[in-house]
Amino acid sequence: MIPTTHLLAVGAAMFVLGLFALLTRRNAVAAFMGIELMLNAANLNFVAFNQARPEALDGQVAAVFVIMLAAAEFAVALALVLSLYQTFRSVHLDEADEMKG
Amino acid sequence: MTPTYAAFMAMSAWVLLASLYVVTTRNVVRAAYGLLGALFGVAVLYVLCSADFLAAVQVLIYVGGVNILIIFGVMLTEHMGRGAYRLVSFNLLPALVTCLLIGTALALGLWIYPWAAAGEPAGPTAARIGELFLTKYLLPFEVASVLLLVVLIGAVAVARKEVRDE
Numbered sequence: 001m002i003p004t005t006h007l008l009a010v011g012a013a014m015f016v017l018g019l020f021a022l023l024t025r026r027n028a029v030a031a032f033m034g035i036e037l038m039l040n041a042a043n044l045n046f047v048a049f050n051q052a053r054p055e056a057l058d059g060q061v062a063a064v065f066v067i068m069l070a071a072a073e074f075a076v077a078l079a080l081v082l083s084l085y086q087t088f089r090s091v092h093l094d095e096a097d098e099m100k101g
Numbered sequence: 001m002t003p004t005y006a007a008f009m010a011m012s013a014w015v016l017l018a019s020l021y022v023v024t025t026r027n028v029v030r031a032a033y034g035l036l037g038a039l040f041g042v043a044v045l046y047v048l049c050s051a052d053f054l055a056a057v058q059v060l061i062y063v064g065g066v067n068i069l070i071i072f073g074v075m076l077t078e079h080m081g082r083g084a085y086r087l088v089s090f091n092l093l094p095a096l097v098t099c100l101l102i103g104t105a106l107a108l109g110l111w112i113y114p115w116a117a118a119g120e121p122a123g124p125t126a127a128r129i130g131e132l133f134l135t136k137y138l139l140p141f142e143v144a145s146v147l148l149l150v151v152l153i154g155a156v157a158v159a160r161k162e163v164r165d166e
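Line by line, the protein sequences are chains A and B.
Each step along the first sequence adds one to the number in my numbering, with nothing skipped, and position 79 is 79.
Each step along the second sequence adds one to the number in my numbering, with nothing skipped, and position 23 is 23.
Looking at chain A on its own, in the form it has when it is part of the complex (with noise of 0.2 Å):
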């Protein structure tokens, strides 16, 4: 039995980790990355939290539609990094400063 402290603590860190690469990144790719991390840290937060009623499973449910909104997520992204690198022959999200296609 994992107590359910121990699970949020590693699903803290992981998030922090992610938010990290968020900020720090300059490639859009490894950006994205972060923010797959962040959102598994909050699947590990609702699967914590679902221990507390095992028989409900509500926290499993919620984890299963958070998985597949990223997965759209990542979708729609893989296509504007596309398009940004179309546009501007790169990845670096500090070298796409204008708004114009």
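It should be emphasised that the hints constitute simulated quantities derived from the structure, not laboratory data.
Among the hints, a few may not be true.
[Claimed, not checked] Interface residues of chain B toward chain A, partial, derived using beta-carbon atoms under 7 Å: (1) Phe8; (2) Met11; (3) Ala55; (4) Tyr137.
Idealized CB from N, CA, C, for every residue including glycine.
Chain A is fixed; fit chain B onto it per the hints.
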């Protein structure tokens, strides 16, 4: 210390080390493979929490889908030999301060709030999750399928090369 808890400690150390590697490596391809390791580790953590269906979904969608997409994203954008694989960190100090503050807030919340103790895990979950999807969570489930359709069309519309006939 039960075997489950020992496995949990080992796997969480693995997940955190892999995440740290994703965050610190300067090569975006290596970061993608580090993310692969971290996501697999999270799937094992789900198994240890007796969330079997969620572990299968994690492996299928994250490891099999999202990670492949990430590697595609790297390959389709950066060219080898251009030196563009380097991930130079900028605004390092503000990011460190922000992460420290948020980490402290999360740790304080973890420390202060009386979290409910974990109950006994109740058998396989897949059948009951499916039942919940078709009863209590029917509306979010249908909205999610519509969202996936929208994403499918939107991603193609955004990513395709614009063809102008003149």
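These are the hints, each one checked on the structure:
1. The interface hint given for Phe8 (chain B) is met, as the beta carbon of that residue sits about 5 Å from the closest beta carbon of chain A, less than 7 Å.
2. For Met11 (chain B), the suggested interface contact is broken, since its CB lies about 9 Å from the closest CB of chain A, more than 7 Å.
3. Hint status for Ala55 (chain B) relative to chain A: violated, with the closest Cβ pair at about 10 Å, above 7 Å.
4. The criterion of a C-beta within 7 Å of any C-beta in chain A is met by Tyr137 (chain B), whose closest approach is roughly 6 Å, and the hint holds.
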